[in-house]
Amino acid sequence: EITNPECARAIAEDADRLATDGIGLAPEPILTGDDLIAMGMTPGPALGSALRDLYDRQLAGEIRTPDQARRAARRLLGSV
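To convert, take the position in the sequence shown, counting from 1, and add 38; that gives my numbering.
Treat the hints loosely; a few may be bogus.
Claimed, not checked - Between beta-carbon pairs, the in silico distance windows are: (1) Glu100 / Cys45: 25 to 35 Å; (2) Arg109 / Arg47: 34 to 44 Å; (3) Pro83 / Cys45: 42 to 52 Å; (4) Ala84 / Glu51: 37 to 47 Å.
Simulated from the structure, these hints should not be mistaken for laboratory data. No residue lacks a Cβ here, since even glycine has one placed at the ideal position from N, Cα and C.
Modelling step: build the complete structure from the supplied sequences, incorporating the hints.
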């Protein structure tokens, strides 16, 4: 329960902004399936698994830039 009116107002404003900014709480993945295919990965279940892994790492803050995402994808490609 939020008892501080200023804090409650700030949270409500942030929630409204997030709900209407077109992004919300879930950012777009840095890399797409097309990106992984362009890097040499074959379409299929392994590609989907790699995309999920990369996106999970992005959400966890381990991957923040396209360069970091590409490096991580190359490591995944090497293990496939």
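We went through each hint and held it up to the structure:
1. Glu100 / Cys45: 25 to 35 Å: 30 Å, holds
2. Arg109 / Arg47: 34 to 44 Å: This hint holds: roughly 42 Å between Cβ atoms.
3. Pro83 / Cys45: 42 to 52 Å: Hint holds: Cβ distance 46 Å, inside 42 to 52 Å.
4. Ala84 / Glu51: 37 to 47 Å: 43 Å, holds
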